[in-house]
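Colleague: Okay, here's what each chain looks like letter by letter:
There are 2 protein chains.
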Amino acid sequence: MLNFEFWNPTKILFGKGQIASISREIPAGTRVLVTYGGGSIRSNGVYDQVMAALKHCAVLEFGGIQPNPEYRTLMEAVRLARAEKAEFLLAVGGGSVLDGTKFIAAAIPFEGEPWDIVEKGAEVKSAVPLGSVLTLPATGSEANPYAVISRSERGEKLAFSSRHVYPKFSVLDPETTFTLPPRQVANGIVDAYVHVMEQYLTFPAHAELNDRFAESILSTLIETGPKTLADPKDYDARATFVWTATMALNGLIGCGVPQDWATHMIGHELTALYGIDHARTLAVVAPHLYRVMKRDKAAKLLQYGERVWGIREGTEEERIEAAIRRTEEFFESLGVPTRLARYEGVKPETPKLVAERLEKRGMAKLGERGAVGPAAVEEILARSLAA
Amino acid sequence: MLNFEFWNPTKILFGKGQIASISREIPAGTRVLVTYGGGSIRSNGVYDQVMAALKHCAVLEFGGIQPNPEYRTLMEAVRLARAEKAEFLLAVGGGSVLDGTKFIAAAIPFEGEPWDIVEKGAEVKSAVPLGSVLTLPATGSEANPYAVISRSERGEKLAFSSRHVYPKFSVLDPETTFTLPPRQVANGIVDAYVHVMEQYLTFPAHAELNDRFAESILSTLIETGPKTLADPKDYDARATFVWTATMALNGLIGCGVPQDWATHMIGHELTALYGIDHARTLAVVAPHLYRVMKRDKAAKLLQYGERVWGIREGTEEERIEAAIRRTEEFFESLGVPTRLARYEGVKPETPKLVAERLEKRGMAKLGERGAVGPAAVEEILARSLAA
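Just so you know, the sequences run in chain order X and P.
Every letter in the first sequence is one number past the one before it in our numbering, and letter 209, counting from 1, is 209.
Every letter in the second sequence is one number past the one before it in our numbering, and letter 62, counting from 1, is 62.
Read the hints as simulated data drawn from the structure, not as lab findings.
Just so you know, not all the hints are guaranteed correct.
Given that identical chains are not distinguished, each listed pair holds provided it fits within a single copy or across any two copies.
Below, computed lysine-lysine pairings styled on DSS-like, alpha-carbon distance capped at 27 Å [stated by the list, open to error]:
1. K168 with K352
2. K168 with K227
3. K55 with K233
4. K11 with K125
5. K168 with K125
6. K11 with K168
7. K227 with K294
8. K125 with K294
9. K125 with K352
Values in this document were obtained by computation on a predicted structure and should not be read as measured data.
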């Protein structure tokens, strides 16, 4: 097992009616800026619940944070928060609203150009405290220090991380997700699944417990994903999915193990170039990456196939291919394509273009061993474009 | 899934050489009281590593905290800490040192008689901050808010819990545990195993992920326990065991599920009466409790048998008995007896005596449904004394 540090201070308030608990988490009189997205929280009752829980606070609002949150939009919120002296940010929405709010929180006290935080990795020395009400289970942003921000006029989508932007608390009420469109639920399942794979499908590191935890999340997603898609109001299935997505990326299963994240880095470029949903970029990259990197990942692919999919027969080569195929079939069964060829407007030169963009960002050696270089990136995307 | 709140702010510093990291976690000049037990940390090098990491602090020491830490001893430390104005407590040792130090931390600023914290559940409004260097994996005290304190002259062993006594950080260096006596390692395996069972072996609550996490810990203990007992210096096996014991009682697997804890409550009385090691009391109670309560626990006993032990054949009755027997065989294989009859000096009237003591403490309705009453307690202990 590798050495590790694990610290996750976010308080999780999970279950029916938990939005009301916010009133205990924010001191009376606090100037709270509530951030949200396109306004679906107004139609599904979440907005009203949040406002009722904030009666003891001075509330400001900032709506309109888009999927793949835009730097320009977020900077408007920063100006508002600075002008109004917001003391606490409450993000109400999915991963994009949460990620965007983390950026706002870090940008408010930042001296200089806040875009440097994502582009140049400028140090975040402090942040305005934030909490969240999660309405779209997927990214794990509700209990981690990560955020991904876009600047579409430059074709950029970049991540940052800071211990200062862990939410102080996150409310996860599965009932608030009942009205999500099926496409977003399917995306969330794939997103959570690939989060686990990035921390699991590398090489064995004698981290038996965390391997089993990772396999537990994968098996639960396979079992619960189709169930919660078929019956969105099945509380227990949805609750299991919500909790699973949080556990997929709260840092726990990444303890003591090598990690990959190449699928995400390649995927971010596809979103930046073509606006493809984040989870959908993962689904068109991951299976092909596993095939291209199967020598490096052989031992874990075999373990994954056996423990998660029950694949015990055939040569090693056959079992590896079967494990990857089952993964593809699972994503496709959720309505999420596993071929880049299925998206219109993707240029034939995309593989080379993405490889070059990553190289330019200093990401020429992705993967758990730095072996996912430009040639591998090109091959992965060429395969995904071919079939 | 039941509603839950999960918050665990302890930072885990895990791996070889991590004691040195303490220097980053405690500000320079802090007045640190280092607490420990019988002095084994002096012979195994841990003491020297800790002192080297605390060079930037003003260090005080308090040794001699015994297994089942004694109120009287801990109050000596409280007086020392108050007199010397200790600002931080660093517990170096196993669960007893950690539990004792949590009590010291809560008692220092407590107004009134600190024993009220455990006996009367008096509110802990604050505590001196504490950290830990764990040298005995077992209790999970390194990452939870619980502590159990004894007052042997009154035959008492009682627990308390407070959010203020979560360690700020805990160092888990598996190498510091290489020199532990096999008996303590075996005890630790059983302790961690039963911690999981108390949060798992109840009734199904549609908490699929946490069930799988619990089963992951049990399977890992079954796999790694004998390995780490046989070869204490196998780093990866020991590291896996250490991490497993932490995850068994850091609150995570208890999220959203019913819990039992009757085995622990009955066990504490046996330690208070006869001084039997904590883990060993659990091993003489748990299997008999599962048998006596098998109607209530049938669904989970069957799930446990199938997923953890691979038991798929026979009637339900047979599968349940097989699952309990495999549990007993596992404990016995570690050298931990599963019959109270194996301990000398245990009086024949013990079942009745323990039932009465629990009743007097307001614990007449233990278990996930409150169904472990005096009659069940008597039957459980009578069976354990009989065989």
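Colleague: Could you run down the list of hints and mark each one as holding or not?
Modeller: How the hints compare with the structure:
Taking the shortest alpha-carbon separations for K168 and K352, neither the intra-copy value of 42 Å nor the inter-copy value of 48 Å comes in at or below 27 Å. Within a single copy, K168 and K227 get their C-alpha atoms no closer than 31 Å, and across copies no closer than 40 Å, so neither meets the 27 Å cut-off. Neither within a single protomer nor between protomers do K55 and K233 lie at most 27 Å apart by alpha-carbon distance, with minima of 29 Å and 58 Å respectively. With identical chains, the CA atoms of K11 and K125 are at most 27 Å apart both within one copy (22 Å) and between copies (19 Å).
With identical chains, the CA atoms of K168 and K125 are at most 27 Å apart both within one copy (17 Å) and between copies (20 Å). Within a single copy, K11 and K168 get their C-alpha atoms as close as 6 Å, and across copies as close as 15 Å, so both meet the 27 Å cut-off. In this assembly of identical chains, the alpha carbons of K227 and K294 never lie at most 27 Å apart, being 31 Å within a copy and 31 Å across copies at closest. In this homomeric assembly, K125 and K294 never come within 27 Å of each other (Cα to Cα): the closest approach is 41 Å inside a single copy and 55 Å across copies.
Proximity of K125 to K352 under the C-alpha cut-off of 27 Å is found in neither arrangement, the shortest distances being 37 Å within a copy and 61 Å between copies.
Violated hints, listed in ascending order, are 1, 2, 3, 7, 8, 9; each of the other numbered hints is respected by the structure.
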